[in-house]
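Enquirer: Chain A is already provided as a structure; the job is to place chain B on it using the hints.
Residue numbers (the working numbering), protein chains in the order written: chain A, 1 to 496; chain B, 1 to 496.
Misleading hints may appear alongside valid ones.
Repeated chains share a single entry, so a pair holds when one copy, or any two copies, can fit it.
[Claimed, not checked] Below 30 angstroms or equal to it, Euclidean Cα-Cα: the simulated BS3-like pairs (lysine-lysine) are:
{"#": "1", "residue 1": "LYS114", "residue 2": "LYS33"}
{"#": "2", "residue 1": "LYS48", "residue 2": "LYS58"}
{"#": "3", "residue 1": "LYS88", "residue 2": "LYS33"}
{"#": "4", "residue 1": "LYS217", "residue 2": "LYS58"}
{"#": "5", "residue 1": "LYS88", "residue 2": "LYS114"}
{"#": "6", "residue 1": "LYS23", "residue 2": "LYS355"}
{"#": "7", "residue 1": "LYS217", "residue 2": "LYS33"}
{"#": "8", "residue 1": "LYS134", "residue 2": "LYS348"}
{"#": "9", "residue 1": "LYS251", "residue 2": "LYS217"}
{"#": "10", "residue 1": "LYS48", "residue 2": "LYS458"}
{"#": "11", "residue 1": "LYS251", "residue 2": "LYS33"}
I should point out that these hints are in silico values taken from the structure, not numbers from a laboratory.
2 protein chains.
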Amino acid sequence: MGSEGITPRDEDYSQWYIDICTKAELADYSAVKGCMVIRPNGYAIWEKMQRALDDMFKATGHRNAYFPLFVPKSFLSREAEHVEGFAKECAVVTHYRLMNAPDGSGIVVDPSAKLEEELIVRPTSETIIWSMYKKWIQSYRDLPLLLNQWANVVRWEMRTRLFLRTTEFLWQEGHTAHASSEDAEAEALRILEVYRRFAEEWLALPVLVGRKTESEKFAGAQHTYCIEAMMQDGKALQAGTSHHLGQNFAKAFDVTFQTETGTREYVYATSWGVSTRLIGALIMAHSDDHGLVLPPRMADIQAVIVPIFKKQAELQAIQEAVGRRADSWRDAFSFQMDDRDTVTPGFKFADWELKGTPVRIEIGPRDLAKGQAVVVRRDLERGQEGHKTFVPLDEIVAHVPRTLDTIQRNLFDRALAFRTAHTYDVDTYDEMKARIEEAPGFFRAFFDGSAEDEARIKAETGATVRCIPFGDQGERGTCFLTGRATNQRVIFAKAY
Amino acid sequence: MGSEGITPRDEDYSQWYIDICTKAELADYSAVKGCMVIRPNGYAIWEKMQRALDDMFKATGHRNAYFPLFVPKSFLSREAEHVEGFAKECAVVTHYRLMNAPDGSGIVVDPSAKLEEELIVRPTSETIIWSMYKKWIQSYRDLPLLLNQWANVVRWEMRTRLFLRTTEFLWQEGHTAHASSEDAEAEALRILEVYRRFAEEWLALPVLVGRKTESEKFAGAQHTYCIEAMMQDGKALQAGTSHHLGQNFAKAFDVTFQTETGTREYVYATSWGVSTRLIGALIMAHSDDHGLVLPPRMADIQAVIVPIFKKQAELQAIQEAVGRRADSWRDAFSFQMDDRDTVTPGFKFADWELKGTPVRIEIGPRDLAKGQAVVVRRDLERGQEGHKTFVPLDEIVAHVPRTLDTIQRNLFDRALAFRTAHTYDVDTYDEMKARIEEAPGFFRAFFDGSAEDEARIKAETGATVRCIPFGDQGERGTCFLTGRATNQRVIFAKAY
Numbered sequence: 001m002g003s004e005g006i007t008p009r010d011e012d013y014s015q016w017y018i019d020i021c022t023k024a025e026l027a028d029y030s031a032v033k034g035c036m037v038i039r040p041n042g043y044a045i046w047e048k049m050q051r052a053l054d055d056m057f058k059a060t061g062h063r064n065a066y067f068p069l070f071v072p073k074s075f076l077s078r079e080a081e082h083v084e085g086f087a088k089e090c091a092v093v094t095h096y097r098l099m100n101a102p103d104g105s106g107i108v109v110d111p112s113a114k115l116e117e118e119l120i121v122r123p124t125s126e127t128i129i130w131s132m133y134k135k136w137i138q139s140y141r142d143l144p145l146l147l148n149q150w151a152n153v154v155r156w157e158m159r160t161r162l163f164l165r166t167t168e169f170l171w172q173e174g175h176t177a178h179a180s181s182e183d184a185e186a187e188a189l190r191i192l193e194v195y196r197r198f199a200e201e202w203l204a205l206p207v208l209v210g211r212k213t214e215s216e217k218f219a220g221a222q223h224t225y226c227i228e229a230m231m232q233d234g235k236a237l238q239a240g241t242s243h244h245l246g247q248n249f250a251k252a253f254d255v256t257f258q259t260e261t262g263t264r265e266y267v268y269a270t271s272w273g274v275s276t277r278l279i280g281a282l283i284m285a286h287s288d289d290h291g292l293v294l295p296p297r298m299a300d301i302q303a304v305i306v307p308i309f310k311k312q313a314e315l316q317a318i319q320e321a322v323g324r325r326a327d328s329w330r331d332a333f334s335f336q337m338d339d340r341d342t343v344t345p346g347f348k349f350a351d352w353e354l355k356g357t358p359v360r361i362e363i364g365p366r367d368l369a370k371g372q373a374v375v376v377r378r379d380l381e382r383g384q385e386g387h388k389t390f391v392p393l394d395e396i397v398a399h400v401p402r403t404l405d406t407i408q409r410n411l412f413d414r415a416l417a418f419r420t421a422h423t424y425d426v427d428t429y430d431e432m433k434a435r436i437e438e439a440p441g442f443f444r445a446f447f448d449g450s451a452e453d454e455a456r457i458k459a460e461t462g463a464t465v466r467c468i469p470f471g472d473q474g475e476r477g478t479c480f481l482t483g484r485a486t487n488q489r490v491i492f493a494k495a496y
Numbered sequence: 001m002g003s004e005g006i007t008p009r010d011e012d013y014s015q016w017y018i019d020i021c022t023k024a025e026l027a028d029y030s031a032v033k034g035c036m037v038i039r040p041n042g043y044a045i046w047e048k049m050q051r052a053l054d055d056m057f058k059a060t061g062h063r064n065a066y067f068p069l070f071v072p073k074s075f076l077s078r079e080a081e082h083v084e085g086f087a088k089e090c091a092v093v094t095h096y097r098l099m100n101a102p103d104g105s106g107i108v109v110d111p112s113a114k115l116e117e118e119l120i121v122r123p124t125s126e127t128i129i130w131s132m133y134k135k136w137i138q139s140y141r142d143l144p145l146l147l148n149q150w151a152n153v154v155r156w157e158m159r160t161r162l163f164l165r166t167t168e169f170l171w172q173e174g175h176t177a178h179a180s181s182e183d184a185e186a187e188a189l190r191i192l193e194v195y196r197r198f199a200e201e202w203l204a205l206p207v208l209v210g211r212k213t214e215s216e217k218f219a220g221a222q223h224t225y226c227i228e229a230m231m232q233d234g235k236a237l238q239a240g241t242s243h244h245l246g247q248n249f250a251k252a253f254d255v256t257f258q259t260e261t262g263t264r265e266y267v268y269a270t271s272w273g274v275s276t277r278l279i280g281a282l283i284m285a286h287s288d289d290h291g292l293v294l295p296p297r298m299a300d301i302q303a304v305i306v307p308i309f310k311k312q313a314e315l316q317a318i319q320e321a322v323g324r325r326a327d328s329w330r331d332a333f334s335f336q337m338d339d340r341d342t343v344t345p346g347f348k349f350a351d352w353e354l355k356g357t358p359v360r361i362e363i364g365p366r367d368l369a370k371g372q373a374v375v376v377r378r379d380l381e382r383g384q385e386g387h388k389t390f391v392p393l394d395e396i397v398a399h400v401p402r403t404l405d406t407i408q409r410n411l412f413d414r415a416l417a418f419r420t421a422h423t424y425d426v427d428t429y430d431e432m433k434a435r436i437e438e439a440p441g442f443f444r445a446f447f448d449g450s451a452e453d454e455a456r457i458k459a460e461t462g463a464t465v466r467c468i469p470f471g472d473q474g475e476r477g478t479c480f481l482t483g484r485a486t487n488q489r490v491i492f493a494k495a496y
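For reference, chain A alone in the conformation it holds in the complex (with noise of 0.2 angstroms):
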């Protein structure tokens, strides 16, 4: 076992996730199947992660708006190949009130209370909100109609796991209306780079951006566009998605606009979105076996002050050292000051890990005799260069921030070598079946397949198309599987 108990990576590494968020108290199991809660510590992470993309969605002109969380029935069959993606496994309301059971054994459906037309809990809003766009588009002067949702979910899933499979989750749904294809076609990129910057920069989380083949794709799209994460088990992570929608919802909910020259037309739409399971992202691809490790732009909490003492008036001395400077390094960081007297300084150290604080400030009676403190970062191993650094308390301000930032990139450039490194170029199906076995990964191979091909490979391997990276294209080889000439290269790997 690691610390605080949890279970090393190299000897389960679904139990070492399991066990990341429930001992650092990111999420719990709730009573209601396939649900689950999300702890404080946890929501502070999607808290970060909601400011973020907010941001960067307003910065591109997209306001926020709230869609009701029922779809009628009938909606659903509207968009054909949408009902097939998604109209299967979800909760339906079928009654509207509980009774006293006659017999007083506790309460029962009223069978009275029965809708007419059954209301689907969302799994995804496109029908609901292009319901709406019906009523608000009539002209070009109304687009682009660029608007956002955040919201919860419902998808009924027979096997769940915390973050990232659950049946119900947290997401945001942009879903945004346009006069032409091309307009719909550089938003749904758009938002995609906006992913990727949110991903790389904020998460520390290197990604490959692509599009998805037919069989991956959105039910009802035209194109989905995606961002691809490696996890430290070498299995694909689908971090975000894109969708061009093209006019299907239009047309489906009768959406026209009159264009400048008096025409109509059906309306181009996109949507995209990312969920709560980039939580799940986020702790797989940092992680270790001492407990989370969170990018410092992530971190709520980026620096702890742990004070070592014997004495009250020893902790006293340090607190006071801190209190006169706190002021100018909140502006700087944000940090808190562990001083419980009922744990010694090594169980502090260790929870502060598991939950992972980016930077450890240590002041000791000594430490302080000499103005300094002890800084120790949670991305390093112990005995690892810069892992203990002793500064000045007056430098403490300045440090720490660029500590923070050498965390940050260090993380992001770490989880890149380890993609590299298990990123393998492969020439024949064959290749790939008798590696990915033992060497999970990306897989970068020619493939110009059917979807049929990808469903085999798919049974005999595991594996899947999670993306056609762009700038990977161009160069002519053969494919892997058909051994046509292709010059389309794509990313094999097993997913979560």
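Expert: Okay, now just chain B, sitting in the frame of chain A:
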């Protein structure tokens, strides 16, 4: 009709309210009965509310978390009073899958996917949260536990009104756990004070602060505290509630803790919430026949700049004059330039009045020549002193923030004066009965009647006890209904 086709208040107050909501594009009706869509102009107000409240909750030691949308049906029966108050009118999920209709007519509920136990879409989250507190609370060291959640809830409503009463609504719900009744009581009152400050300082909404009677309190609470505001039609609107729940939920979910002395005791609880109905309160308290009136602290755009121009060169000169000052202005207040050339300035004036923007800055070529602008206040009528002021362009940066403060204060003062003018001391029930129809308002009376008395008064007059206001007790008088001596003064009013 008023501006922009708004029904005047004195003609039809209800229609006036609907007109403001729909024409200022705050909300719209959805295809799902009783559920509304919050449009960007409305949601921007909710975001301002969330930010202000969330900061206040965090400053008082609370953290956010997220609990499941669904509540197992059996949970609702656990707390006897709670089930009476809440369990009845709610959305019931009975199935988890749809399928293609065998006759090809569309999609139907899959009868084989029936849940063993029905799930209720949360009408409030006490039960699901206390089922988790059972896992998290063992010792006095785990207390107090101070959590809040921002979420959607569903209560099946037969008669709905935009923002004020909708089947689904957005809210925050705080749920705290304490080691003693005193701590829980202090928490309930601390939050009540947060709500009062928020209503008065941010929404410019004067509120009465007090306690609910037994018949008006929350199902399962020991005490319910509330803030009550008066709308422009003299009706009351409950703007927030804070409940001391005693040990009821701890007993229902068997949540005990070990005390410092080693004994085991049940935990004490509070819960408290405000919802998107506050947006309705904001509208009804301040707006006029020209449209929405937003308190400056609730306005996403605090000032609109309307350039008055005929030629493109004139517009350009105005844009340059604003552009040179834009950075310093943006630090002082939020603004937007409306430089559309497809509509007249008069149209723009009406449009921004409708949207409630607190300040309008008009700049024409002649103003520019004099180095000045015209600053117009939204809260005053044309011709009222202070409505229009000529301000040197270089003084805008100081003048506008001062004006925004003045508007914020004026809206509060005006609402307070209105409430004072519509608050009546009554000595007898007959007096209230005679006056409440032609002069709706707050009726202040000595009252010590029973729940049955309250029910009769409600049936006969439509009025309920809104609260037993703090700081208004102690004096002795005669109950206006029973004639018994009492020192309890209450406020009766019709309410939303």
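Enquirer: Against each hint, give a clear statement of whether it holds in the structure.
Expert: Verification of the hints:
Taking the closest pair of Cα atoms, LYS114 and LYS33 come within 30 angstroms of each other both inside a single copy (25 angstroms) and across two copies (14 angstroms). In this assembly of identical chains, the alpha carbons of LYS48 and LYS58 lie at most 30 angstroms apart whether taken from the same copy (16 angstroms) or from different copies (15 angstroms). For the identical chains of this complex, LYS88 and LYS33 are neighbours both inside a copy (18 angstroms) and across copies (23 angstroms), given an alpha-carbon limit of 30 angstroms. In this assembly of identical chains, LYS217 and LYS58 lie within 30 angstroms of each other by CA distance solely inside one copy; the values are 27 angstroms within and 41 angstroms between copies.
In the homo-oligomer, the alpha carbons of LYS88 and LYS114 lie at most 30 angstroms apart both inside one protomer (21 angstroms) and across protomers (13 angstroms), since each shortest distance falls under that limit. Within a single copy, LYS23 and LYS355 get their C-alpha atoms as close as 9 angstroms, which meets the 30 angstroms cut-off; across copies the closest is 49 angstroms, which misses it. In this assembly of identical chains, LYS217 and LYS33 lie within 30 angstroms of each other by CA distance solely inside one copy; the values are 28 angstroms within and 33 angstroms between copies. Proximity of LYS134 to LYS348 under the C-alpha cut-off of 30 angstroms is restricted to the inter-copy arrangement: shortest distance 26 angstroms between copies versus 57 angstroms within a copy.
Proximity of LYS251 and LYS217 under a CA criterion of 30 angstroms is satisfied intra-copy only: 20 angstroms inside one chain copy versus 50 angstroms between copies. Taking the shortest alpha-carbon separations for LYS48 and LYS458, neither the intra-copy value of 36 angstroms nor the inter-copy value of 48 angstroms comes in at or below 30 angstroms. Taking identical chains as interchangeable, the C-alpha atoms of LYS251 and LYS33 lie at most 30 angstroms apart only when they sit on different chains, with a minimum of 24 angstroms there against 37 angstroms within one chain.
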